[in-house]
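2 protein chains.
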Amino acid sequence: MAAAAAEVSNRSVALKRYVTGFPSEDDMELVTAAVTLAVPPGSAAVLVKNLYLSCDPYMRRRMTKHLVPSYIPDFVLSEAIPTFGVSKVVESGHPDFKAGDLVWGMIKCEEYTLVTKPQLIYKINHPEFPLSYYTGVLGMPGITAYAGFFDVSKPKKGEYVFVSAASGAVGQLVGQLAKITGCYVVGSAGSDEKVNLLKTKFGFDDAFNYKKEQDVNATLKRCFPEGIDIYFENVGGAMLDAVLLNMRMHGRVTVCGLISQYNLEQHEGVHNLFCVLTKRIRMEGFTSREYFGTYHKIEEEMAGYLKEGKITCVEDVAEGIENVPKALVGLFYGRNVGKQLVAVARE
Amino acid sequence: MAAAAAEVSNRSVALKRYVTGFPSEDDMELVTAAVTLAVPPGSAAVLVKNLYLSCDPYMRRRMTKHLVPSYIPDFVLSEAIPTFGVSKVVESGHPDFKAGDLVWGMIKCEEYTLVTKPQLIYKINHPEFPLSYYTGVLGMPGITAYAGFFDVSKPKKGEYVFVSAASGAVGQLVGQLAKITGCYVVGSAGSDEKVNLLKTKFGFDDAFNYKKEQDVNATLKRCFPEGIDIYFENVGGAMLDAVLLNMRMHGRVTVCGLISQYNLEQHEGVHNLFCVLTKRIRMEGFTSREYFGTYHKIEEEMAGYLKEGKITCVEDVAEGIENVPKALVGLFYGRNVGKQLVAVARE
Chain A
1 MAAAAAEVSN RSVALKRYVT GFPSEDDMEL VTAAVTLAVP PGSAAVLVKN
51 LYLSCDPYMR RRMTKHLVPS YIPDFVLSEA IPTFGVSKVV ESGHPDFKAG
101 DLVWGMIKCE EYTLVTKPQL IYKINHPEFP LSYYTGVLGM PGITAYAGFF
151 DVSKPKKGEY VFVSAASGAV GQLVGQLAKI TGCYVVGSAG SDEKVNLLKT
201 KFGFDDAFNY KKEQDVNATL KRCFPEGIDI YFENVGGAML DAVLLNMRMH
251 GRVTVCGLIS QYNLEQHEGV HNLFCVLTKR IRMEGFTSRE YFGTYHKIEE
301 EMAGYLKEGK ITCVEDVAEG IENVPKALVG LFYGRNVGKQ LVAVARE
Chain B
1 MAAAAAEVSN RSVALKRYVT GFPSEDDMEL VTAAVTLAVP PGSAAVLVKN
51 LYLSCDPYMR RRMTKHLVPS YIPDFVLSEA IPTFGVSKVV ESGHPDFKAG
101 DLVWGMIKCE EYTLVTKPQL IYKINHPEFP LSYYTGVLGM PGITAYAGFF
151 DVSKPKKGEY VFVSAASGAV GQLVGQLAKI TGCYVVGSAG SDEKVNLLKT
201 KFGFDDAFNY KKEQDVNATL KRCFPEGIDI YFENVGGAML DAVLLNMRMH
251 GRVTVCGLIS QYNLEQHEGV HNLFCVLTKR IRMEGFTSRE YFGTYHKIEE
301 EMAGYLKEGK ITCVEDVAEG IENVPKALVG LFYGRNVGKQ LVAVARE
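Chains as they are written, first to last, in the working numbering: chain A, 1 to 347; chain B, 1 to 347.
Bear in mind the hints are in silico, worked out from the structure with no lab data behind them.
Each hint should be verified, as a subset may be incorrect.
Since the list gives no way to pick out one identical chain from another, each pair is judged satisfied if it fits inside one copy or across any two copies.
Using 25 Å as the maximum straight-line C-alpha spacing, the simulated DSS-like pairs for lysine-lysine come out as follows [unchecked claim]:
#: 1; residue 1: 279; residue 2: 65
#: 2; residue 1: 279; residue 2: 154
#: 3; residue 1: 65; residue 2: 221
None of the values given here were measured: they were computed from a predicted structure.
Start from the sequences and build out the full structure, keeping to the hints where you can.
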């Protein structure tokens with residue numbers, strides 16, 4: 001008979017109330033409970049110790065109470081918030097995992113997670129990179145950028161690409177994938193620091209701070225005298241309207257995110273959809289979830305680009321689980337510089 | 001030496017001034033000039049006598065003075081308005097045409113047109129049908145419906161299809177092509193008479209008068225409890241917003257026209273584009289012009305459906321060139337019941 005498993009403290013972050021408008025740190029709470037460091041007997045679950053937690057804009061949608069179910073379930077109040085993250089296996093009831101394995105996938109904002117759906121976690125094949133990269137380029141944002149750019153946007157060499165929220169987790173990758181493809185790439189971001197990153201770190205051909213532009217339509221005309229072939233859409237609203245006026249014939253608008261709209265009670269109207277007709281634009285939405293089946297191919301390709309120095313990453317790392325609410329809220333004020341994550345433990 | 005060609009009177013309709021807002025009959029004028037019934041010596045032009053003139057919603061765009069050139073040139077003031085039509089060749093300088101040939105293609109709102117671009121007219125291969133069908137099912141609207149439905153919407157048997165402006169030239173054809181494909185089809189129109197046509201004449205599974213519905217979102221939910229796979233968009237604005245809420249995963253919005261917006265100074269905002277993201281919708285615009293290269297294939301297919309009785313057509317025929325302004329303006333008030341055209345001559 002096995003020795004009784006240790007019981008330790010497990011801090012977690014839960015949603016206290018559903019959110020309307022911008023979220024605040026006070027909408028979340030830090031909860032401490034006890035966890036037994038063992039998998040229930042006979043279960044195929046996997047108990048993991050969490051190292052890095054990912055903070056992603058799509059999580060805002062789950063903070064709203066939806067009367068009509070959304071494409072992804074609302075968070076459950078008072079329960080640890082589900083998120084992607086990087087973890088180390090403590091004990092496994094599943095044959096694919098063993099104690100000590102490094103994994104990433106769907107866990108929760110807490111120190112230890114009992115993963116009851118092991119099909120939602122993946123073994124880490126490239127521990128030679130910073131493990132935190134599995135919340136970014138080697139994780140969900142990497143899948144999103146890769147699939148959204150290659151599968152949905154269908155780029156051709158020499159095309160003109162515009163990326164909004166370009167220094168964020170997905171935007172920074174899309175810009176670099178576009179350069180790898182031989183495209184001309186311009187990005188927008190919300191601070192001069194971020195714009196500088198785009199130009200000096202990520203190799204964008206040009207970039208601008210949208211908060212400083214009086215007339216984004218004119219700015220886009222200056223950046224793209226020939227027009228835009230691909231718009232990788234992360235923000236929505238007025239930016240989309242300005243972009244539509246600057247799209248070329250047969251342009252593609254790949255809708256990855258609409259962060260400018262997530263906290264609005266009523267979404268802004270988009271007025272220039274006639275351009276979709278007159279320029280034969282294809283506007284297409286997607287989410288990464290349909291591409292997890294091709295994850296290992298994407299992981300290998302991204303790992304290759306990292307090794308060759310063709311892709312570089314900028315992360316914004318908050319320390320300690322108690323900082324999850326601040327990091328998550330910061331996304332919607334553009335406070336993060338690069339991929340936002342929270343380091344919960346270093347090993 | 002040939003006898004001197006006859007000179008006859010040639011009435012035409014021209015735009016008097018560029019239009020803002022809804023067009024009025026008074027924006028156009030009837031002009032009478034003389035025309036010599038001959039092709040200039042050495043020219044490859046074709047002189048035609050016009051039988052039927054087509055009135056199409058896209059023509060509204062050409063009535064506006066565009067500071068930034070649109071996808072199609074603005075009309076030239078005081079010159080006969082270009083349009084599609086059906087004609088008989090009077091004299092030809094082009095080897096592909098001879099006197100007496102029946103043709104359709106880009107002519108002008110006048111009694112006789114000297115066609116200087118014979119590549120824009122086509123010989124009529126099926127004179128066994130009413131010649132006016134070459135302004136509809138066998139002409140540009142036929143190309144539009146066929147290409148927009150099959151090539152852009154990419155329907156599958158059993159899918160749920162919604163068509164707005166469904167009794168119009170294109171809508172009536174799309175609905176019938178959808179039934180041929182084995183889809184479930186619902187149409188909207190702006191009068192009970194048109195709704196009745198949709199159900200009794202064109203075989204739509206259901207139809208509604210959007211002007212009588214308080215809440216189009218609820219109406220669509222009632223008509224499509226499973227949601228909409230394909231929306232064939234002819235109107236835009238509030239209808240598009242309601243449809244987006246009712247689209248299914250991987251739905252397609254094929255943007256063929258936006259007639260509700262053409263006469264507005266500022267287009268209405270569309271607020272529900274987040275559905276494009278969450279439901280992975282593909283919204284794609286198109287115009288028929290890219291499909292004229294495949295015209296003869298489409299003509300044969302449509303002729304086959306007509307012969308089999310699988311497609312039926314309803315036309316709204318105005319008599320006399322002097323009624324072009326009224327017929328054209330009527331499109332934007334929904335006065336036409338079916339494909340609007342003007343009979344200029346019967347032979």
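Each hint, compared with the structure:
1. 279 to 65: This pair counts as between: shortest inter-copy Cα distance 18 Å, intra-copy 38 Å.
2. 279 to 154: both (17 Å within a copy, 19 Å between copies)
3. 65 to 221: between (40 Å within a copy, 21 Å between copies)
No hint from the list above goes unmet by this structure.
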